[in-house]
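Let the hints inform the model, and build the full structure from the sequences given.
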Amino acid sequence: GNNNIPAKFIMKLKASFMLAWEDFKGVLIYLFIGVGIGAAIYGYMPQTLVLRYAGYDNIFAIPIAAIIGIPLYIRAETAIPIGVALMQKGMTVGAVFALIIGGSGMAIPEMSMLAAIFKKRLVTAIVMVIFFTAVIGGYIFNIIF
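Counted from 1, the sequence shown has number 77 at position 77 by my numbering; the numbering is strictly sequential.
Honestly, the hints are just simulated from the structure, not real lab data.
No experiment lies behind these values; they were computed from the predicted model shown.
Keep in mind that the hints are not guaranteed to be accurate.
Computed list of lysine-lysine pairs in DSS-like fashion (alpha-carbon distance at most 27 Å, straight line) [said to hold, decoys possible]:
#1 K12 - K25
#2 K25 - K8
#3 K14 - K25
Here it is as structure tokens:
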């Protein structure tokens with residue numbers, strides 16, 4: 001009886017690692033895409049451009065970032081390397097937060113699916129909640145960080 005517990009544990013552990021590896025392989029392509037985009041931003045985007053539109057001196061940087069995020073369809077896996085590159089160029093933490101929330105929460109494909117299922121008024125309410133969450137959260141992040 002007692003000798004089977006370690007064997008069962010090892011079998012479950014192996015199965016867990018196999019499932020985790022399968023999940024990781026699914027995410028890996030998006031991570032590489034994000035690293036590629038982040039590298040392009042870091043290498044080619046002028047810092048003055050980022051500072052002008054998304055730096056601390058622009059009070060509208062956060063709502064602009066939330067709106068810009070909408071057509072980008074940002075996945076969490078790609079958002080981190082892109083966000084790091086933008087912050088290295090001078091984008092505020094709050095603007096990066098708003099960009100990621102805007103891109104992942106209000107992406108055009110999701111909004112199209114929701115519009116096909118729900119009434120326009122509900123979809124509009126969802127978009128507004130996500131937008132204001134991104135903007136308010138962005139300003140809070142800038143205050144904290």
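Verification of the hints:
Between K12 and K25, the direct Cα distance comes to roughly 20 Å. Compliance with the 27 Å bound is thereby established for this hinted pair. Restraint check for K25 and K8: satisfied, since their Cα atoms lie roughly 26 Å apart, inside the 27 Å limit. Only pairs whose Cα atoms come within 27 Å are accepted, and K14 paired with K25 is accepted, the gap being roughly 16 Å.
The structure agrees with every numbered hint stated previously.
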